[in-house]
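Please construct the entire structure, taking both the sequences and the accompanying hints into account.
Protein chains in written order, with this note's numbering: chain F, 1 to 111; chain B, 1 to 622.
Careful: at least some of the hints might be erroneous.
Stated by the list, open to error - Coverage of chain F stretches by chain B, computed from C-beta distances (three or more under 8 angstroms per stretch; other residues unrestricted):
hint, region
1, 82–95
2, 100–108
Unchecked claim - Residues from chain B that keep clear of chain F, each with C-beta distances beyond 10 angstroms, as calculated:
hint, residue
3, Leu40
4, Phe47
5, Lys340
6, Ile352
7, Ala369
8, Lys418
9, Phe450
10, Tyr513
11, Gln517
12, Gly534
13, Asp546
14, Ile589
15, Phe605
Said to hold, decoys possible - Quick list of the computed label-pair ranges, beta carbon to beta carbon:
hint, chain 1, residue 1, chain 2, residue 2, range
16, F, Gly83, B, His606, 23 to 29 angstroms
17, B, Leu36, F, Tyr28, 54 to 60 angstroms
18, B, Met187, F, Gln72, 28 to 34 angstroms
19, F, Ile102, B, Leu561, 33 to 39 angstroms
FYI, nobody ran anything at the bench for these hints, they're computed from the structure.
Even glycine gets a Cβ: it sits at the ideal position worked out from N, Cα and C.
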Amino acid sequence: MASEQTHSGNPRVDIEYRKKKSAEEMRYQIVSFSMMIFLTLVAFIAVGYGDFSAWFIVPFILLLAVVQVVFQLYYFMHMSHKGHEAPALFLYSGLLVGLITILAFMTIIWW
Amino acid sequence: MSTYAQKKGFGATVWDYLTTVDHKKIAILYLIAGGLFFVLGGLEAMFIRIQLAVPNNDFVSAGLYNEILTMHGTTMIFLAAMPLLFGFMNAIMPLQIGARDVAFPFVNALGFWLFFFGGIFLNLSWFLGGAPDAGWTSYASLSMASEGHGIDFYALGLQISGAGTLMGGINFLVTIINMRAPGMTYMRMPLFTWSTFVASALILFAFPPLTVGLFLLIFDRMFGSNFFDVANGGNTVIWEHLFWIFGHPEVYILVLPAFGIFSEIFATFSRKRLFGYSSMVFATVLIGFLGFMVWAHHMFTTGLGPIANAIFAVATMAIAVPTGIKIFNWLFTMWGGSIKFTTPMLYAVAFIPSFVGGGVTGVMLASAAADYQYHDSYFVVAHFHYVIVGGVVFGLLAATHFYWPKMFGTMLNETLGKITFWLFLIGFHLTFFIQHFLGLMGMPRRIFTFLPNQGLDAGNLISTIGAFFMAIATLILLINIVITSVKNQKVGNDPWEDGRTLEWAIPSPPPFYNFKQLPLVRGLDPLWIEKMEGKKGMTPAEPLGDIHMPNNSFNPFMISLGLFVAAFGALYREDYNWGVLVLIVGMGITLLSMFVRSVKDDHGFHIHKEDLLNDDDKGGKA
Ligand code: HEM
Ligand SMILES: [Cu+2]
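Here's what the structure looks like:
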């Protein structure tokens, strides 16, 4: 935040540094936000206007979806910052469990 | 507002428990409710055994037998074993990490009331047209064909209580990650805390598949969808997978905390540091991880094909490795220790051979080809009771004796405790050991009677006699509890005298804020370290200051009550016109309560420093 509040009892917090850091964060957010809108448009175009085969479109928009998730987690939810190791661990474990389930369903139920 | 120990009337005490958000009181609620359901499930087990005592018996009819069997399994797993473990986790884990409560006290209360109302709902089926009768696994091919509302009670009741369990698990995870006292690193956490952590992670990942499965079942049975209806393109095997993706981790959710309890008991009464602490932690995590890769070993005979069967067979056998590590570590903990055979220690020592027995049959069952012989026979019943009773129930009984003084401030009688132990141990092996052979001789699981002179008569009679031993043992335990509570002889901080971890550094029962000052943790077994340096208690990590506490709330009760009411609406929606109305009213109560919770600011209250100073006689020093 731009105000002088630091949420910290430590009098030696470097406000200049904080400000610079925040500005940098803000820039990343805006860049990734416009990227996300752009990727969404691309996905719509691929499905709606292009003349591509389904074999191309499905993997392609899935890939875009993965990129979007990464943006979401790392730029908007700050997962790259320190102190987010536990949520990251649980997210990836959940992902693993989910993927194994899907794999099993695709191979041994609906073979 | 605060719970300073004034003498209170009966009504006030009840109100206090209905609204409490204190982890120690919620623990007692879990213990009482779980204990009641345990007695209920035990009665059902007795009815099963009485029916099977002699051939061609007609103590109960075939249909009623199915209901009793289903309710026995469902009650024992969801409403007895898990809540009792939750009780001990709530009571002890926050103390072990030096916290003043769990991370979300309100959610903790909500979790309990959801479990409680779900359990009551499920059991009301007995009075409202018949209990569920498709087994605790409720396979869709059976449950879709089951008439009446039994299965609906199962699906809706488990949905409600499952939501409570999920909340409880998440709460424990956040507590352990965020609320450890200064110096309490992950690798200094006691093993009961570690196993609570891993079991909670398993809950987090295992309950959603069950929720999904139950919703599909609810939709199919009550709202006309066709997920499991083969005639309409559905597939009943989907249920089997969803159920066991939950079901196998569930058995580790049950047994890992029991492992944790035994680890504490072995170290305490061998008066030695737990052997191989880091390998114990590693093994616990590894078991939790592998627990998700093996569910199809319950489905070898479903026809998954040889490749899938082989993969799941090998994965299952792999779990024996970390489990073996643990067994050896416990043995080495006792090795050379100066052992005290208290009641909890007796359970711990008896647990090792009993559980290994269940483990050996487990590996036998994991061999897919051999399982075609064992499957759905009494061999399986013997196997899972060896792990569940020999592991989980022994753990619960041990914890009852071990932690009773910490929770209630009185010691259970040791002589009666040892009588309970011996009766239970003998009864347990009498009941279940012979069932291995009944199974190998061809007695199928889930049958309501058998014919004479097929070699099954003697075995079944012995099994029933054993069950009576266990029933008597449980009765003696209850008598013990009553006697102890009436005598009410208070004990000090460390009644076993060999306490190693933080919970034994504070009074029994602890004051409602647990720690006057948060303790400074200097290593594994922090209290033991201080004792070895000749100190009486922990060194505080902070100056004495105001303590912030949450207010009590009736809201969790109301939120859960709303869902309980709504479940009746969903169930009777098609039979009566008022069904929809009840559904709406119930959801209304829940949503309104949640709304009130969101808009009403509740900042809790502070215990002031001066009051803490005056509270010295209660000795709540760090
Ligand atoms: C302590 C005394 C107990 C006795 C005498 C007992 C006895 C039995 C019997 C006779 C069956 C029927 C087996 C069949 O026909 O398939 C059964 C099933 C079962 N028991 Fe127990 N049991 C006891 C404790 C427990 C406990 C503590 C648990 C779990 C925490 C448990 C979980 C189950 C389950 C899940 C089933 C399978 C139900 C089904 O087939 O749907 N039992 N038990
Ligand atoms: Cu399993």
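Checklist entry - Taking each numbered hint in turn, which are not upheld by the structure, reported in ascending numerical order? => result Checked against the structure, no hint fails, so every one of them is satisfied.
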